[in-house]
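A.B. asks: Sequence:
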Amino acid sequence: MAAFVPPNERPERSPHLPFGDYREAPFYGKDIISVSQFNREDLEYIFGVAREMRAMVERVGTFDLLKGKILANLFYEPSTRTSSSFFSAMERLGGSVIPINEVTYSSVAKGESLPDTIRTLECYADVIVLRHPEVGSAALAAEYARKPIINGGDGIGEHPTQALLDLFTIKEELGEVDGLTVTMLGDLKYGRTVHSLARLLSLF
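Quick note, the sequence shown lines up with residues 58 to 261 if you use our numbering.
In case anyone wonders, no lab produced these hints; they're calculated from the structure.
One thing to keep in mind: the hints can contain errors.
[What the hints assert, rightly or not] Once the Cα atoms are required to be at most 27 Å apart in a straight line, the calculated BS3-like pairs of lysine-lysine come out as:
hint, residue 1, residue 2
1, Lys87, Lys124
2, Lys228, Lys246
3, Lys87, Lys126
4, Lys246, Lys124
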């Protein structure tokens, strides 16, 4: 579980942050494991920040909000969109990325456990995005990590960040979510994004 950082040990606010002091933000230092941790108020906050960040990127392209910060993309499964989107976002915000998209030849292939991998990797990174084939893997990683863990997909379990993006897109394109009838097609039983999106939509 990501450790609480005392206020006097937190970094100074970036002058480029357009929406206030992130040290007091509700998700500062928190893991993102499941959409079940969010309520409607949380979603409105997240979407508000997303709008401001998008506007900033459109105006200036990149800025140094996360200068000096490192994100580790730890992907045990192939990924194009999720991996690239986190990489792009971190770069645009001034941070850097450790991309680990192939574990075949790493210590993992030699039998290293997920907790051991997480404990090692968090020595180098400030936040870890994890994609793993086992349900509950992100929650397990969070139990051992002192740095925030973001679930980039845990088997057939959940894909919270993709579901947040889908819901944000629905809201931006249609204006409201309340009262909508949403039809989902495809692999409903094993599709992790569908599982997360359905839970988010149930809040409306």
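A.B. asks: Of the numbered hints stated earlier in the document, which are not met by this structure?
C.D. replies: 4
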